Amino acid sequence: MPRNPRRNRIGLQTKAICLLALIVIGVTGASAWFFHTTVRTLQRNTDQQFVRQICQALGLAAEEAIVRGDKVRTQQLIAEFVRSYPVRYAAIFSADERTLATSIPNTQRSPWRSLVSGAVTVASIEQVDDDTLAACIPIVRRASDGGVDELMGSIRVVMDTSETARRLAKARQRILLIGAAVILAAMPLGMLVVGRLFLRPIRQLALASRDLARGEFSTRCHVISNDELGELGLAFDSMASEIARQRGELISANEELENKVALRTGELSQANARLRDEMAEKEDFLRAVSHDLNAPLRNIAGMATMIVTQWQGRLPEEVVARLGRIQANVEVQNSLISELLELSRIRSRPERRRVVDLESLMSDLGGSFEYELQARGIELVVHSPLPALLVEKNRFRQVFQNLIDNAIKYMDRPSGGRIEIGARLEGGRYRITVADNGPGIPPEDQKRIFHVFRRGGNQRVPGRGVGLALVKSVVANYEGRVVVESEPGHGATFMIELPERTTRPAAQEACV
Amino acid sequence: MNSTAIESLRGLRGLLVVDDDADTAALICEIIRRLCPEVRITWARGGVEAIEYLRRCAPHGAAPRPEAVLLDMEMPGMSGLEVLSALAREGGLRDIPVAIFTGLDDAALRRRALRAGACAFAVKPVAPERLTAVLGETLARCLAAGREPRP
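As they're listed, the protein sequences go chains X and P. For the first sequence, counting from 1, position 162 maps to 162 in our numbering; every step adds exactly one. For the second sequence, counting from 1, position 92 maps to 92 in our numbering; every step adds exactly one.
Just so you know, these hints were derived from the structure itself, not from any lab. This one's a predicted model, so the numbers in the text were calculated from it and none came from an experiment. Note that the Cβ used here is the ideal one computed from N, Cα and C, for glycine as well. Mixed in with the good hints, there may be bad ones.
Part of the chain P face toward chain X, derived, beta carbon under 8 Å [what the hints assert, rightly or not]:
| hint | residue |
| --- | --- |
| 1 | Thr24 |
| 2 | Leu27 |
| 3 | Glu30 |
| 4 | Gly103 |
| 5 | Leu104 |
| 6 | Pro128 |
| 7 | Leu131 |
Straight-line Cα separation of at most 20 Å, EDC-like style, residue types lysine to aspartate or glutamate; simulated pairs [as the list claims (entries may be wrong)]:
| hint | chain 1 | residue 1 | chain 2 | residue 2 |
| --- | --- | --- | --- | --- |
| 8 | X | Lys447 | X | Glu487 |
| 9 | X | Lys170 | X | Asp47 |
| 10 | X | Lys170 | X | Asp131 |
| 11 | X | Lys170 | X | Asp129 |
| 12 | X | Lys282 | P | Asp105 |
| 13 | X | Lys282 | P | Glu74 |
| 14 | X | Lys260 | X | Glu249 |
| 15 | X | Lys282 | P | Asp106 |
| 16 | X | Lys393 | X | Asp405 |
Far from chain P by the CB rule (all over 10 Å, computed), these chain X residues [to be verified]:
| hint | residue |
| --- | --- |
| 17 | Ile17 |
| 18 | Val27 |
| 19 | Phe34 |
| 20 | Arg98 |
| 21 | Val140 |
| 22 | Met152 |
| 23 | Val182 |
| 24 | Lys260 |
| 25 | Gly266 |
| 26 | Arg314 |
| 27 | Gly366 |
| 28 | Glu370 |
| 29 | Leu386 |
| 30 | Arg431 |
| 31 | Arg448 |
| 32 | Thr493 |
Start from the sequences, fold in the hints, and give me the full structure.
Here it is, written out as structure tokens:
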């Protein structure tokens, strides 16, 4: 089923843009995440550094007060500290873990205090969560003369780093916003680039292909680029020129062929015209034969007859006999002319074909030859069944009449002569045989007997040499042939071969 | 030849035979004279001669008009078909029955002759006995057609 390629199509451009957007989003997201993580780590380090510094500063300031045990001073320092920095909780502990000063009195419950409880000997700074940084920093008095440092106490601080977290979140937001803006800005640019680099050459190729398919063989796609599409364009263009070249060759070959055909047709029509002229000449000749040859013959016969009837009984017998010979010769000449006319008309004037039952034709012929057959003691045997053929009735009657007549005329047996007629259908051809047991035909005569005026060697038998030529000519009209098989002394068999398709009644009717 | 045909020929008084061959014409005349002894036969050697003769006959002229014309086809000068159409064009000659008697056995020619007004078309046989029979039949057919009123 043909599918409309335009329906529900997701264009190459859309696909490319989606891909591009995905890539940009991925890259932007990844870089935002990377940047955010880096900045947070840096910020936390800075925060820790800052906490360490302010705690050490507080420790230095509180050292003397701790030595003196001045609680008021330490409390004062804490209060100042809390005021100066974003601190949730700050306290100064003595070396034996007593609280010297605190921003939140011990009587108050606070979640922060537990974050920084426990003994402190080394500084520890821990980011509890995004908003909270817990630091325990020992206060150490350094020995000035290479002795052991003395632990004076410790400072516990819980810093509020929510400001830092807020700033980070804000920075992250900005990065994402910038990323989105970059994507939005990149979209049209990407479309432009994709269109320029990929789609335009592809469209050019598609248009050129369509033009080529429509038969515009001079079309070229004009894709010029230094990439695979450019290669494709070059390949297309060379294909188009190759097609154009081959088409040109085809056209010129065709023209040559047409010229040749025209030439041959001309020659053929000339030959046809010549043939027509010859046919017309032949027709004229036939008219001349039938008219001009017969007219004097008619007069000779008529005059002879008139003499005989007018002078009946008053003429010598010899004169009457010679007049009879004249009439007989005229008769021979007349029937010879008729036969020649008929022979020449077989091809040029086909008769209407009708269904002829060979069996009834044979019994008919047997009737008309009855006298001769009986007089010469010849038996005519018809081997049934014989087929019915779609042929020219009179001419086929003539064919078998001639064959049987020949067999009778040449029969040399005083008795026991046989003429056998049979037929069979073999490989799409009817084979109809007329066989006799007469003297046979010598091999050298077997071909020439079918030519007009050429007779066999036995000139005793009256005949004019037209009969078998007529048989041959009639049979040839049906793409058939007639052959003779004979061995001198053993009779002769004439076989008529007719293709079934040209002579079978049902087949012919089916064709019509 | 059947008896009615012979009877109809017995009444024949005048006949014009048109044939360029003198021997043929003589033969035809002799045969017809035997068929109808009282007939007066005129022979014309060609079409022009035949038409001139017919113009001299009644009702225009003095000579008795033939009851039928036996016309050959192939003649020098004016052919049988031309004679037929010339007769058809002339008012006084249009109703003379004309039988074609020719040596040409041609179906197309037969059609053209009958369309041109011939009342019969026969091919001259060579054998004398056939010639007599065909001639008699043709003339009888032609006379029968001539006695019927023309459309």
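These are the hints, each one checked on the structure:
Using the Cβ-Cβ criterion of 8 Å, the hint placing Thr24/P at the interface with chain X is satisfied: the shortest such distance is roughly 6 Å. Hint status for Leu27/P relative to chain X: holds, with the closest Cβ pair at about 4 Å, below 8 Å. Interface restraint check for Glu30/P: the shortest CB-CB distance to chain X comes to about 6 Å, inside 8 Å, so the restraint holds. Among the interface hints, the one on Gly103/P holds; its C-beta lies about 4 Å from the nearest C-beta in chain X, closer than the 8 Å criterion.
The restraint placing Leu104/P at the interface with chain X holds, with a minimum CB-CB distance near 5 Å, inside the 8 Å limit. With a cut of 8 Å, the hint placing Pro128/P at the interface with chain X holds, because the nearest CB-to-CB distance is about 4 Å. Proximity of Leu131/P to chain X holds as hinted, the smallest CB-CB distance being about 6 Å (cut-off 8 Å). For a cut-off of 20 Å, the pair hint linking Lys447/X to Glu487/X stands: about 14 Å separates their Cα positions.
At most 20 Å may separate the alpha-carbon atoms for a hinted pair to count; Lys170/X and Asp47/X meet this at roughly 18 Å. Annotation: proposed proximity of Lys170/X to Asp131/X holds, straight-line Cα distance about 15 Å (limit 20 Å). Our distance criterion of 20 Å between C-alpha atoms is met by Lys170/X and Asp129/X, whose separation comes to about 18 Å. Taken as a hint, the Lys282/X and Asp105/P pair is honoured in the structure, with Cα atoms around 15 Å apart against an allowance of 20 Å.
A threshold of 20 Å between alpha carbons decides the hint, and for Lys282/X with Glu74/P the separation of about 18 Å falls inside it, so the pair holds. A hinted pair counts as satisfied when its Cα atoms are at most 20 Å apart, and Lys260/X with Glu249/X qualifies at roughly 16 Å. A hinted pair counts as satisfied when its Cα atoms are at most 20 Å apart, and Lys282/X with Asp106/P qualifies at roughly 14 Å. With a C-alpha separation of about 18 Å, the suggested pairing of Lys393/X with Asp405/X holds against the 20 Å cut-off.
Every C-beta of chain P lies more than 10 Å from that of Ile17/X, the closest at about 88 Å, which supports listing it as non-interface. With a minimum CB-CB distance of about 101 Å to chain P, Val27/X clears the 10 Å threshold, and the non-interface call stands. Here Phe34/X stays apart from chain P, with its beta-carbon at least about 111 Å from theirs, past the 10 Å limit. Once the 10 Å rule is applied to beta carbons, Arg98/X is consistent with being away from chain P; the minimum gap is 156 Å.
Remark: the non-interface label on Val140/X is consistent with the geometry, its nearest Cβ contact in chain P lying 151 Å away (cut-off 10 Å). Listed as outside the interface, Met152/X is consistent with that label: its C-beta sits roughly 155 Å from the nearest C-beta of chain P, beyond the 10 Å cut-off. Consistency note on Val182/X: stated as away from chain P, and its beta-carbon is indeed over 10 Å from all of that chain's, at 102 Å minimum. Chain P leaves Lys260/X outside its interface by the beta-carbon criterion, the shortest separation being 39 Å against a cut-off of 10 Å.
The beta carbon of Gly266/X sits about 31 Å from the closest Cβ of chain P, which is more than 10 Å, so the claim that it is off the interface holds. Distance check for Arg314/X against chain P: the nearest CB is about 17 Å away, which clears 10 Å, and the non-interface claim stands. With 10 Å as the threshold on Cβ separation, the claim that Gly366/X sits away from chain P holds: the shortest Cβ distance comes to roughly 26 Å. With a least CB separation of 24 Å from chain P, Glu370/X remains clear of the 10 Å interface cut-off, as annotated.
No beta-carbon of chain P is positioned within 10 Å of the beta-carbon of Leu386/X; the least distance is around 32 Å. Against chain P, the non-interface label of Arg431/X holds: every CB pair exceeds 10 Å, the least being about 35 Å. With a minimum CB-CB distance of about 30 Å to chain P, Arg448/X clears the 10 Å threshold, and the non-interface call stands. Every C-beta of chain P lies more than 10 Å from that of Thr493/X, the closest at about 36 Å, which supports listing it as non-interface.
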